[in-house]
Amino acid sequence: MTQRHETPRRPLWLRLLGLSTVVLFAVGAYLALVVSPPDVNQGQLIRMMYAHVSVAWVCFVAVIVTALYGMAFLWRGRPVDDTRAVANAEIATFFAGLTLISGMTYSRPTLNTWWTWDAKLTLTALMFALLVGYFVVRGLIDDPTRRGRVSAVIGIVVAVSLPFNYLAAAWFRTLHPTLSVAVTGIHIAPTMLFVLLFNVGVAALVYLTFVSERIRIGKLEHERDEERERREEGAPGEVVRV
Amino acid sequence: MSAAPQGPRDRAGAAVIPEGSAAGDLAAVLAIARKDLLQEARSRAVTVATLFFSAVTLVMMAFAMGQDAELLRRSAPGVLWVALAFAGVITAAQSFQSDLEEGAFDQLLLYPVPRASVFLGKLLANWLYLAVLGLIMTPVTLVLYGARAGSDLWLLPVTLALGTFGFAVVATFYAALTANLQAREALLPVLMFPVVVPVLLGAVRSTEALVGLQNATLAGGWLQLLAGFDLVYFVTCTAIFHLVVEE
Chain E
3 MTQRHETPRR PLWLRLLGLS TVVLFAVGAY LALVVSPPDV NQGQLIRMMY
53 AHVSVAWVCF VAVIVTALYG MAFLWRGRPV DDTRAVANAE IATFFAGLTL
103 ISGMTYSRPT LNTWWTWDAK LTLTALMFAL LVGYFVVRGL IDDPTRRGRV
153 SAVIGIVVAV SLPFNYLAAA WFRTLHPTLS VAVTGIHIAP TMLFVLLFNV
203 GVAALVYLTF VSERIRIGKL EHERDEERER REEGAPGEVV RV
Chain U
263 MSAAPQGPRD RAGAAVIPEG SAAGDLAAVL AIARKDLLQE ARSRAVTVAT
313 LFFSAVTLVM MAFAMGQDAE LLRRSAPGVL WVALAFAGVI TAAQSFQSDL
363 EEGAFDQLLL YPVPRASVFL GKLLANWLYL AVLGLIMTPV TLVLYGARAG
413 SDLWLLPVTL ALGTFGFAVV ATFYAALTAN LQAREALLPV LMFPVVVPVL
463 LGAVRSTEAL VGLQNATLAG GWLQLLAGFD LVYFVTCTAI FHLVVEE
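Chains E and U supply the protein sequences, listed in that same order. In terms of the numbering used here, the first sequence is residues 3 to 244. In terms of the numbering used here, the second sequence is residues 263 to 509.
Treat the hints with care, as some may be off.
What the hints assert, rightly or not - Selected chain E positions facing chain U (Cβ under 8 Å, derived; list incomplete):
{"id": "1", "residue": "76"}
{"id": "2", "residue": "131"}
{"id": "3", "residue": "155"}
{"id": "4", "residue": "159"}
{"id": "5", "residue": "163"}
{"id": "6", "residue": "173"}
What the hints contain is simulated information worked out from the structure, not anything from laboratory work. Quick caveat: nothing in here was measured; it's all calculated off a predicted structure. Where is the CB? At the ideal position from N, CA and C, for every residue including glycine.
Just chain E, with the same shape it has in the complex (with noise of 0.2 Å):
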């Protein structure tokens, strides 16, 4: 017997998003690609530092925000945090995987090479395997309760591996370029320093598109399994809370 259920339609909100986010990433490419002046030293290589440093500084959020929304779900136990967290935690292994390539397609002309021990470089790879081990250890445990729980954990010690995993690859050695923006006086021309902001801006939109969507489908998912426990139980009327 089958039941035909009629999938919710996407809110109005996010269909916007979902839209803009598709206009500003297209201005965000013509920006990149056409507006943007050749640099003096990497000359037309310094189109790929927009996508590259766009989605570099995305992934951390995400690992950061993965981290927030685990602490807020052993706080409350509230399935939905779990959901949020695990949202984010996909979007941050998948931009960290974007950084990787990207960064490596970028340092094989300009350095001269495809892979360098460098800080920022290997802290991308670290937290890369780290989320990777998130979602293994998610996939192991059947109890939504302590799979929300356990991988909040595990958010909890990605995040706090962060700092140290800095520290010693910058100690270790580096030859990573010095940030674009440094905190004291901006060495990169306007337009070039615009066209980098406006990206990463775009890579903020498209993570939130993202995420929200993600969100979305996680809570589906999550209704589903109560639908699918509730009439296991036999009991229709009954909610199960978990």
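Add chain U to chain E, keeping to what the hints say.
Just chain U, lined up with the frame of chain E:
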């Protein structure tokens, strides 16, 4: 059945734990560490495994790298700490496994002490075990790999203590987390190694400096990093340990 013992000493001879006080919690930590070490002293399962495992790792690495004496000499600290990291995984996994097999872990959790005491007790036992293993392995590695001891040798025990403590904290924590999962043997190193990379790096650089492979003044900075890592993970893992043990 874990009835609270009546007299000042219970039947096994361990000190009685007064509930709810700091001294009581400390006594619980020491009792659990004592239990783990006693169990190990009697069975010697982990001792045999880790000691020979570390020794085999040393020999295999030396074979793999070939006959170059200078290369061997330079890689001695790195090989030593990699062997200790592997030994740390085995030690921590076994400390929970032997309890779980006999159902003793559930009883341990029934004791009216904070969960953190269980973590701290196991951590203490694992750390002491790893530190002693490190003390044995260091001279063996230095001799096998032809490295000579430098002038600041008195700092080597400090490096060993801080480095093995960092390994022990993360390994014990993750071993508790993975104790009930499938494929835990493969999972524990996957989870633990990315976290302990700063410890590995700090301990290896510091050891390099102390055995005269690098400028000895560098060791101080790395020891600070190790101490900072140990402190932060010690506090974090102790605080959230009760969340990872399965009821």
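- [ ] Report holds or violated for the interface hint on residue 163 of chain E, using the least CB-CB distance to chain U and a cut-off of 8 Å.
- [x] Given a least distance of 5 Å, the restraint on residue 163 of chain E holds.
Task: Hint check: 8 Å Cβ-Cβ cutoff, residue 173 of chain E to chain U - done: Holds: closest Cβ of chain U sits about 7 Å from residue 173 of chain E, inside 8 Å.
Task: Interface hint for residue 159 of chain E, Cβ within 8 Å of any Cβ on chain U - done: With a closest approach of 6 Å, the residue 159 of chain E hint holds.
Task: Interface restraint verdict for residue 131 of chain E against chain U (beta-carbon cut-off 8 Å) - done: It holds, given that the least Cβ distance between residue 131 of chain E and chain U is near 4 Å, below 8 Å.
TODO: Have a go at the residue 155 of chain E hint: is there a Cβ in chain U nearer than 8 Å to its own Cβ?
DONE: 5 Å, holds
TODO: Identify whether the interface hint at residue 76 of chain E stands, where standing means a beta carbon of chain U within less than 8 Å of its own.
DONE: Cβ of residue 76 of chain E sits 6 Å from chain U, so the hint holds.
When each numbered hint is compared with the structure, no violation occurs for any of them.
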